[in-house]
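From first to last, the protein sequence lines stand for chains A and B. Just so you know, we're using our numbering here: the first sequence kicks off at 1 and counts up by one. Just so you know, we're using our numbering here: the second sequence kicks off at 201 and counts up by one.
Hints listed in this document are in silico derivations from the structure and should not be mistaken for laboratory results. Note that this is a predicted model, so its numbers are computed, not measured. Ideal Cβ positions, reconstructed from N, Cα and C, are used throughout, including at glycine. Mixed in with the good hints there might be a few duds.
Derived lysine-lysine pairs resembling DSSO-like cross-links, with alpha carbons at most 27 angstroms apart [as the list claims (entries may be wrong)]:
no.	chain 1	residue 1	chain 2	residue 2
1	A	K170	A	K134
2	B	K307	A	K173
3	A	K102	B	K294
4	A	K124	A	K173
5	A	K60	B	K267
Which chain B residues face chain A? A few, computed with CB under 8 angstroms, are given here [unchecked claim]:
no.	residue
6	I210
7	L211
8	V222
9	S279
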Amino acid sequence: MNTMHHCRKKKTQALPLALFLLGLGLLFWPGAPIADELPTVKLVYWRSIDDLPLYVGVEKGFFKEAGVNVELEYISGEPNTLAAVMRGDVAGGYISLSSLIKLAEEKAPVKVVAWMGHAHPGTKCGIHVGAQTKYKTLEDLRGIRIATSGSVMVKTLLTHAVHKGGMTLKDIKPMWGATPENPMQHEAALRSGGIDAFIV
Amino acid sequence: MLEAHGASRILASFHDISADWVFAGLYFSDKYLKEHPDSVRKVMDGLVKSFDFIAGNDREARTFLPKYTKVEEELCMISALRHYQAIEPPERLKEQIDLMATYGYIKSSVDVSTMIDYGFLPETLRHQGESAQEQTGGTL
Chain A
1 MNTMHHCRKK KTQALPLALF LLGLGLLFWP GAPIADELPT VKLVYWRSID DLPLYVGVEK
61 GFFKEAGVNV ELEYISGEPN TLAAVMRGDV AGGYISLSSL IKLAEEKAPV KVVAWMGHAH
121 PGTKCGIHVG AQTKYKTLED LRGIRIATSG SVMVKTLLTH AVHKGGMTLK DIKPMWGATP
181 ENPMQHEAAL RSGGIDAFIV
Chain B
201 MLEAHGASRI LASFHDISAD WVFAGLYFSD KYLKEHPDSV RKVMDGLVKS FDFIAGNDRE
261 ARTFLPKYTK VEEELCMISA LRHYQAIEPP ERLKEQIDLM ATYGYIKSSV DVSTMIDYGF
321 LPETLRHQGE SAQEQTGGTL
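With the rest of the complex left out, here is chain B:
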């Protein structure tokens, strides 16, 4: 976004440094998931529709950005968007965790599988996630 002003340029993107870097996840408390599973499923249904919409309608999707981000529309239309994917390959997550551990920023390679629950996603996606885990033998 900033290079659009001509002051800076990107020397190496996060993707150049570590491909397909996963940024963040959407989470709920266990209590909320237990008390409102149906609402969470509905949120996931809507979210996955949004992912699909952005993938196929990039330009229209970007028109909603200025209202929420207060970033100039001109910049919103050229900023790089993430690739949205509800289930990330477990080996990708493990690579990132291993990197953090290798450089000493976390104590050790922690298993975060207990902190992830794809069970609220639409069934078709859930099966994709299960097969990915089975193929890699991963625990994530």
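For reference, chain A alone in the conformation it holds in the complex:
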């Protein structure tokens, strides 16, 4: 009984102290940190649909909820992005696996901390042909004029595609270096008859 009374008394004494400390806390720490007070992390984006997680993180406030203010900065291409990261102009960016391999060979001081997605059965990236053309399967690609960026990733996929179709690259006509800024330019080339297909 005595002990219980003692406890109650301690609680009664503790309450005003707790309220005082809370008030003091509110005075000197005005609520949750606002965005300007959060550390800012600049990440490169490529204006691509594939950057969606970054857009969602910013727009839905997921980064701020986590305690960081992410700013997205557009820089074109992997080499420019890498240069900006190494200079410290930005904190991070994207890199393809093929480019990461090159960096591994050079022992570059960077690390991939998360992957940004993979293809799936509904993927629309791939070999595109004219809608009304005769090409139906990989075996039909023989002799085809195909526009391609020539990146290691695309070269690998194209070579593997023709391999699956029973051919080698010598059996098709790749047009390397086709990297239009706008994907619609692929479509224009297809419509004009300048190419039979493109891989993107």
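On the provided structure of chain A, position chain B as indicated by the hints.
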């Protein structure tokens, strides 16, 4: 996206050519990781929330695309999105590297494990990654 205009159709997707093709990773310099580990962890927390949000709220997520990509909203709503997954199976990465080496686009099958650090991801995901590596005996 382009087939929506009726000019082209897809003959074989990247997935048809090589299943679950991993496109790119988000990277930081070693210097930045060393100097700002807490910020990177927070970015990863937010990123993983974004992955989950996209998986469960595809339509709402797509509404943010026109602002950043300048692609027409109509196309943004029907374009194929990637499957987002922070940690990819090491055997998948190795298959891709082996393909690049087989066709002569890289010198040899390079070990990129030293270039990957999942230690900034939320702990639950990290353990998934560790178990995947242990199961396959991979080094990635």
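Status of the hints after comparison with the structure:
1. A:K170 / A:K134: 21 angstroms, holds
2. B:K307 / A:K173: 24 angstroms, holds
3. A:K102 / B:K294: Given that 27 angstroms is the threshold and the Cα spacing comes to 15 angstroms, the pair holds.
4. A:K124 / A:K173: Holds: A:K124 and A:K173 sit about 22 angstroms apart, inside 27 angstroms.
5. A:K60 / B:K267: At roughly 14 angstroms apart (the allowed maximum being 27 angstroms), B:K267 and A:K60 satisfy the hint.
6. I210: Hint holds; B:I210 Cβ to chain A Cβ min 5 angstroms, cut 8 angstroms.
7. L211: 5 angstroms, holds
8. V222: Status holds, d = 5 angstroms.
9. S279: Holds, about 5 angstroms.
Comparing the model with each numbered hint stated earlier shows that all of them hold.
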